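Chains as they are written, first to last, in the numbering used here: chain R, 1 to 334; chain G, 1 to 293.
Please keep in mind that the hints were generated in silico from the structure rather than gathered at the bench.
Just to be clear, a hint being listed does not mean it is correct.
Computed beta-carbon distance windows for the label pairs [what the hints assert, rightly or not]: (1) Gly274(G) - Asp303(R): 33 to 41 Å; (2) Asn110(G) - Thr142(R): 30 to 38 Å; (3) Met42(R) - Lys292(G): 55 to 63 Å; (4) Thr142(R) - Ser46(G): 35 to 43 Å; (5) Ser46(G) - Asp303(R): 34 to 42 Å; (6) Lys114(G) - Gly204(R): 35 to 43 Å; (7) Glu267(G) - Asp44(R): 38 to 46 Å; (8) Asp303(R) - Glu267(G): 51 to 59 Å; (9) Asp73(G) - Gly204(R): 31 to 39 Å.
Keep in mind that this is a model prediction, so the values were computed, not measured.
Ideal placement from N, C-alpha and C gives every residue a C-beta, glycine not left out.
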Amino acid sequence: MKVDEKKIIHRDSSQVRTKLAFDSNAKESSQRDAYASEIVSMADEHPNLVLIDADLMTVGKTHVFREKYPNRHIQIGIAEQNMMGIAAGLAQMGKLPIAHSLAVFGIGRTFDQIRESICYSELNVKIVGYHAGLTLAPDGATHQTMEDIALMTSLPNMSVVAPADAQQTIDLLPQILKNDTPTYLRLLFPNIPKTIKPGTSVYGKSQILNEGSDITIIANGQLVAKCVQAAKHLKKEQNISVELINIHTIKPYDFETVNKSLQKTGIGLVVEEHNSYGGIGSIVSYHSALECPTKIEYLNTNDKFGTTGLPEELLEAYGLSESSIIKKVEDLIK
Amino acid sequence: MNGKNYRKKKGTILNKEINQDQLLELQRIANKLRLKVIEMLYHAKSGHPGGALSSAEIISALYFGEILNIFPDDPYSLDRDIFVLSAGHYCPIWYAALAFKGFFKEEELNTLRKYGSRLLGHPKYKSLPGIENSGGSLGQGFSIALGCAVAFKLDNKGNKVFCLLGDGEQNEGQVWEAAMFASHNNLDNLIAIIDVNKIQIDGFTKDILSSEPLDDKYKSFGWNVKRINGNDISQVYSAIQEAILFKDKPSVIIADTIAGKGVSALENTVASHGKWISKEVYESAKIDLGNKI
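Chain G with its partners taken away, still in its complex shape (with noise of 0.2 Å):
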């Protein structure tokens, strides 16, 4: 990628074809993210996989599907488009990506987590390139989300705005006054993705505090929603698309994946949240994703 010139127009590229290969393609990126992600957070010794692992399709089909509008060379540059990390836990697949992107070195990655870094426990914004919001406090990466969309607006200007939230974080009330906020605007510069991988720290989000149905829930708050298998890229390459192109109401993509996905040791439970990789669960990460990347 080569900075600024590699989109001949501003905003958002509407790119509706994608072929068999390119899908392929952002597939292998999603695994290759994963394994990274756990090698990352087995040197860290602590930090979150579960979420990291179950949004990797959409972190791949964002930042490698030609969706987001960046500029590795010119970070905040203010042509950009604006991927906003609401749950800020998810940080490990995010420093992973950009660095993948050319935003900073990939060396640094093992860096996570330790005294000095720049890759911090949760995102600071600007603590490195690329890096769009302080997230950790959950709920408020939403409303940041908001702001920059009303900024395009303000200023006439067509870019997109995706914001990543949890499904455990839809628990916030600061969700729901952003929610409210972004239809009663008409922002459809704003597309939120919620990652439904029906966990929180505590248990299942079904036991803890369901949130569901998610999408009658945003229907009636005046978005425009759609649902889909969140790990398949497929669908989610061409609900971004779709979202994309909707005009006059704020999207979002409801996107049900499964928690510690690609690692058969965390798939599915409750601990994958904020799990310690061990030695064993690397190693066996490595088999389950060797072969898929």
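Excised from the complex, chain R in its bound form (with noise of 0.2 Å):
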């Protein structure tokens, strides 16, 4: 039979074309360039990655693969629900799909598909999700998500990976592809300051940037940049010693280590890009409450939808900002 690959893959041509490069020295990248550049370099690893795209790919900047291989990439449209259930498909098809879009849209709207269709069924889709939590550009609450963790972390054989900054997304990608179970992996929108160390980050494993006595403050995303900029303060100011935990695999959880600092500290912080329900505030707890009942304290969006604003405005007005952090565990060594 006659296979015309070219209706099927490439049928549009209008593409912004830009180069991607990440660079480990640069004093601050986006995790969605660095993930579009490093997934080109993962193509010939795995014959059998194939991205989908549902109309957002010059967002996402997945073009780029898509310029170097034309027929490994499926432009869906605006169709989101129908891209999980392809995805799905291509799954069980022994293909290795990874469906892209804003994090509202590629959760929110297709949480039912991704349910049934995919984790269900055991499939290995990924998921990425770029845009997620409060600080898109001031396209405001439509575009923002702060439900994305709650929704995915709920949905069994479901794993869900939140890099700190660019180069633990780079350090993630190749762990999270080995891996077989479906994956939803979290990305931001603003440019975020280097704060991982290369070759540091090892899958469901958290990770304690800082060593401390005092307090121990977990985080993840962009969020873990700014406490690494609190704990500085803290210490040069108060000598209040911190101990800095990053959850950047939240499902499966590390409750090892986050355990063991609450155990060693007594008194935990949980600062979050995300509700309070259903966030890495409800699963440190979860977990701590069962095995070391510890006083832990939230900084997070506090069931309020966001709203229009530049990332650092909406961090400061929500109580995320370095200042708010600082002043959240002074409020709490007092």
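Hints given; two lone chains; assemble the complex.
Below you can see the structure in the form of structure tokens.
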């Protein structure tokens, strides 16, 4: 039978051409750009890799992959539910599909499809949600999501990964692809200061970035960088010794590392760009309550929708800035 | 059937010639499937007879008319054709067909819906050999079928993907996302079959949310459309053969059927969608179908 590959794969032509190359020495980098450049370099190692986009490849920059591997990228159009089903079908036929969208659409709109077609069927589909959390450019609440971690961690078989910076995104990506579980990779919009040392990120293992004795701060995403600065400030100005843990792999959750630290310091603070319900605050508390009940405080978006504004303005407004973290720790340690 | 060797070449066989005796045999198998479904649902004490009975000729033609190239000894061979049941609640007839075909033992059929059974209330991918999708939340199987069809295209393989949907299921938005994608991408290896049995849970589809005219809708979505009497085995068989040969567009067979077909107590009733099979209905079905198998 005659197969017209051009029709199935490469019908549209308008593409924004952008050169992407991750610079590990740059002071700050975009997780999305790092992902989009790194995934191209993984194509040969994973010959069954197929990327899928729902009319957002020029936003997610996966068009760079499409230009190099036109037969391994599928444009779905603005139809996220169909995208997840197609991803499931591809996985059933032995492909390794990665579905991309803004996190709010790729996770929220398609929850039922991810649940039944992917997780229930135990299919190896990777989902990349970019512009997650609060700090999308000023598009406002409709394009932000502080519910995605709650939704995805609630699904049996699903793994959830939220890297702290671009380097960590790159270091975890090969580990995610080698793993055969469905996985949600949560990426953020802003450029994030270089925070994580290359080669130090192990999938499934929480990461102690700073050893300390007075308080355990637990964070993920770009707020890890804020916590690093806050910890430095607290040590210098007030001699408060912070143990900082980065939970990049949210599920499976490495509770041993966190609980050990909580037992040592006796007090915790969870900082996250997510709602209070169902984020890492909930997960940390659930597991510590079982094994080592500890006083834990929280900084999160506190059951409120986001709004329009620049990332730094929003972090300040929602109490997630470096100064908010410092103030919270000072109040707790008093 | 001897697994892989039962077909000489890979891909769907284009068996245009079928004689009257073979059609009668397919009709007999359809009725045998119907009676088995009633027996299974009687033992299960719950389930969905309406669609399982209305689609019996379609299932019989696909599984027993040498249309699907499948291998009971190697159920997930990458050389197989794919059948996706998007209307997951039709699964009792799928289970029965797979058992009759030798994918697993027929004795297991009466464990349907029981705790610990592999015959789950709605299908789960690979829960039994030959099950090709999880289904229950409507519309999802259609997209899964598209994914399988795309995979065959990417690998330059000529295998076919069949997908059975219900007419009530056409209410789901995902169905139309999938319909748009399939024609835009010329997925001519995809054949959708819509079992139009005209009922959904709350009433007749014409009263709840009509999806008609389905033929015009699919034509306008760029599909090759054929509307048939889906309880006429001859029409079902030839429509599928025509669809297999059709090039450059996905095909949809809109099969008008009778809900609960074959069991007079259930025929054309809204209640047949999810009706419990009582001893009386089971006995009456034996009378209705007994001399047709």
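A quick look at each hint next to the structure:
no.	hint	result
1	Gly274(G) - Asp303(R): 33 to 41 Å	39 Å, holds
2	Asn110(G) - Thr142(R): 30 to 38 Å	51 Å, violated
3	Met42(R) - Lys292(G): 55 to 63 Å	58 Å, holds
4	Thr142(R) - Ser46(G): 35 to 43 Å	42 Å, holds
5	Ser46(G) - Asp303(R): 34 to 42 Å	40 Å, holds
6	Lys114(G) - Gly204(R): 35 to 43 Å	37 Å, holds
7	Glu267(G) - Asp44(R): 38 to 46 Å	58 Å, violated
8	Asp303(R) - Glu267(G): 51 to 59 Å	53 Å, holds
9	Asp73(G) - Gly204(R): 31 to 39 Å	38 Å, holds
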